[in-house]
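Colleague: 1 is the number of the first residue of the sequence shown in the working numbering; add one for each residue after it.
None of these hints come from the bench; they were simulated from the model. The C-beta atom is built at its ideal place from N, Cα and C for all residues, glycine as well. Treat the hints with care, since some could be wrong.
[To be verified] In the SDA-like style, the derived pairs of lysine to any residue whose C-alpha atoms are separated by at most 20 Å in a straight line are: (1) 364 / 412; (2) 470 / 259; (3) 195 / 216; (4) 338 / 412; (5) 195 / 268; (6) 259 / 424; (7) 303 / 54; (8) 303 / 288; (9) 411 / 432; (10) 348 / 337; (11) 317 / 413; (12) 303 / 317; (13) 303 / 109; (14) 364 / 424; (15) 413 / 328; (16) 213 / 90; (17) 165 / 188; (18) 303 / 328.
[To be verified] Pair by pair, the computed Cβ-Cβ distance ranges are: (19) 433 / 157: 39 to 45 Å; (20) 221 / 434: 28 to 34 Å; (21) 323 / 345: 29 to 35 Å; (22) 145 / 92: 31 to 37 Å; (23) 323 / 145: 46 to 52 Å; (24) 63 / 230: 23 to 29 Å; (25) 63 / 164: 54 to 60 Å; (26) 138 / 386: 28 to 34 Å; (27) 213 / 364: 42 to 48 Å; (28) 412 / 295: 31 to 37 Å; (29) 101 / 199: 20 to 26 Å; (30) 157 / 409: 16 to 22 Å; (31) 364 / 41: 38 to 44 Å; (32) 164 / 440: 31 to 37 Å.
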Amino acid sequence: MKKLLYSLSLLIAIVFYISSCTKIRTTDLGGDLIPAVDNVNVFDTTLEVITELYQLPDSTRVTRTSDHALGILNDPAFGKTTGEMYFKLQPQLFGSYPFGKSRDSLIGLDSVVLSLKYKSLYGDSNSIQSIRVFEIDQSAAFKDSLQGYIINSAPFLTADLLASKENLLFNTLNDSLTYIRIKDTITTSSELRIKLPNDFGMRLMSYDTTTYKTDSAFNTKFKGFAVKADEGSSIKRALAYFNLADGNTRLSFYYRTTKNALADTAVTDFILRGSGNANLVQRDPTGTEYGNALVNGTGNQEKLFLQTSPGSYALVKIPGLNALSNRLIFKATLITEKLESPEDNFFKVPNLLFLDAVDSANNKFLTVPNSFEPQDNSAFGYNPALFGGFLTNNRYEFDLSRYVQGIVTRKEKSYALRMYAPYITRPTLAGTADITRFIALNGPIAAGRVVVSGGAHQAKKMRLYIVYSKL
């Protein structure tokens, strides 16, 4: 219902008005949109929205320098998430034998250790999971990829199990640890170390210079590692994140060799040299409220389950927009409320929600016309403090003032909108033919979920709130 508001002071941007039930309410117009005149009759109205829920077709790729997810996370509201890592560690240089002067100088191998640099955790830090290390099978179609592999790619074929880290307590991953490296005592932290069998290490050390001549020659002997969490783990409620390109992620060979006719200790590290990496992340919402909502997602939804990539999105339709007559828009805000869901204390909300426009005629997504403003000097490529998307006071708001003004004044197109929490997204800039905007929002991959109110919610409807004056 439209209510007459009386503007008392433009300097403080507060407007009081008398509603039909004689209750006084305050409306903040803000946004530097008030015209520089006094005695403006200002009105407000609320438009209903229709919201549908869908899984997001995801082409996300995790690059070599990004943090990779590992583990199994069972969320009572959103279901199961699994993260697996595939990667290839190689000598730092090719062209010569990497273990001392030659194979003939080797005395023996003391140990071979896989180290993974730990970065962060999402979920319940009390998780206890057993980590399995496999060798990628030589017949697997795993290779260097500059683009990276899509996160929903099929798992790569693996050979026999190499080693395990049994019952890893996730809350110890950032603990300090000490070990001996040649003759030095190393104290470090946030490093997962898994000892591999010596016969595996000796196999790699037994290859001659021909194998270590080029990376392609080495690849015919060793494809890389697959690291997974075991389904039989006791507490599967978190994902741990590791950075494969970090210098502390390495395969270390500790061995003895002959140097100047004397026995000497040495260490050789294999590292992630190229782009031989894949982070495969799978979601399974079966049996959850989220899963049930997806099955019936095309009707106007009461609750919207928004999960970061690989995740979901809400399709938001505002049928009343096209019927609005020409008017001066001071404020148009799309508002949705955060709803409680099980174990919110463990499973945090996304960094940001994002909103773009669905250009179904051209089969692409656009930045919201007029309201989205690119900013090259921003970490996000735009200013979310102005456009919206942060959770503030238990609600999300998006500023659509200029978008709505274009519709009511210039008769520009009213689009269905897509609300989601992407890892990265690449919408086309509105008003351009094909200029896309790379926007990174929610890292690391698969971290973040939230339930918000849809258009059918009884008490906290998603809505478009508009403040305007007549022309």
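Colleague: Each hint should be assessed against the structure and marked as holding or not.
Modeller: Okay, the hints, checked on the actual structure:
Of the supplied pair hints, the one linking residue 364 and residue 412 holds, its CA atoms being roughly 17 Å apart against a limit of 20 Å. For the hint pairing residue 470 with residue 259, the CA-to-CA distance comes to about 90 Å; that exceeds 20 Å, so the pair is violated. Between the alpha carbons of residue 195 and residue 216 the distance comes to roughly 26 Å, so the proposed pair goes past 20 Å and is violated. Restraint check: the Cα-Cα separation between residue 338 and residue 412 comes to about 31 Å, which exceeds 20 Å; the hinted pair is violated.
Note on residue 195 and residue 268: the hinted pairing holds, with a Cα-Cα distance of about 15 Å set against a maximum of 20 Å. Straight-line distance between C-alpha atoms of residue 259 and residue 424 comes to about 51 Å, which puts the hinted pair past the 20 Å bound. Restraint check: the Cα-Cα separation between residue 303 and residue 54 comes to about 12 Å, which is no more than 20 Å; the hinted pair holds. For the hint linking residue 303 to residue 288, the alpha-carbon distance of about 13 Å falls within 20 Å, and the restraint holds.
Pair hint residue 411 plus residue 432 holds up; C-alpha atoms about 18 Å apart against a cutoff of 20 Å. For the suggested pair residue 348 and residue 337, the alpha carbons sit about 16 Å apart, so the restraint of at most 20 Å is met. Restraint check: the Cα-Cα separation between residue 317 and residue 413 comes to about 13 Å, which is no more than 20 Å; the hinted pair holds. Taking the CA atoms of residue 303 and residue 317, the gap is near 15 Å; set against the 20 Å cutoff, the hint holds.
In summary, the hint linking residue 303 to residue 109 is not supported, as the alpha carbons are separated by about 59 Å, beyond the 20 Å threshold. Pair hint residue 364 plus residue 424 holds up; C-alpha atoms about 16 Å apart against a cutoff of 20 Å. Restraint check for residue 413 and residue 328: the C-alpha separation of about 18 Å stays at or below 20 Å, so the hint holds. Restraint check: the Cα-Cα separation between residue 213 and residue 90 comes to about 12 Å, which is no more than 20 Å; the hinted pair holds.
The hinted pair formed by residue 165 and residue 188 meets the criterion: a straight-line CA distance of about 19 Å does not exceed 20 Å. In summary, the hint linking residue 303 to residue 328 is not supported, as the alpha carbons are separated by about 33 Å, beyond the 20 Å threshold. At about 43 Å, the beta-carbon gap between residue 433 and residue 157 stays in the expected band of 39 to 45 Å. Checked against the given bound of 28 to 34 Å, the beta carbons of residue 221 and residue 434, roughly 44 Å apart, lie outside it.
In this structure the supplied range 29 to 35 Å is violated for residue 323 paired with residue 345, their Cβ-Cβ distance being about 43 Å. Taken as a hint, the range 31 to 37 Å is violated for the pair residue 145 and residue 92, whose Cβ atoms sit roughly 21 Å apart. Between residue 323 and residue 145, the C-beta spacing of about 50 Å keeps the proposed range 46 to 52 Å intact. For residue 63 paired with residue 230, a C-beta distance near 27 Å keeps the hint of 23 to 29 Å intact.
Look at residue 63 against residue 164: about 28 Å separates their beta carbons, and that is not inside 54 to 60 Å. Distance hint for residue 138 and residue 386: a CB-CB separation of about 53 Å, inconsistent with the stated range 28 to 34 Å. Roughly 46 Å separates the CB atoms of residue 213 and residue 364, a value that falls within the hinted 42 to 48 Å. Checked against the given bound of 31 to 37 Å, the beta carbons of residue 412 and residue 295, roughly 35 Å apart, stay inside it.
A hinted range of 20 to 26 Å for the beta carbons of residue 101 and residue 199 is consistent with their spacing of about 23 Å. The hinted range of 16 to 22 Å is not satisfied by residue 157 and residue 409, whose Cβ atoms lie roughly 59 Å apart. Residue 364 and residue 41 have their C-beta atoms about 41 Å apart, which keeps the hinted 38 to 44 Å range intact. At about 34 Å, the beta-carbon gap between residue 164 and residue 440 stays in the expected band of 31 to 37 Å.
Of the numbered hints given earlier, the model fails hints 2, 3, 4, 6, 13, 18, 20, 21, 22, 25, 26 and 30; all others are met.
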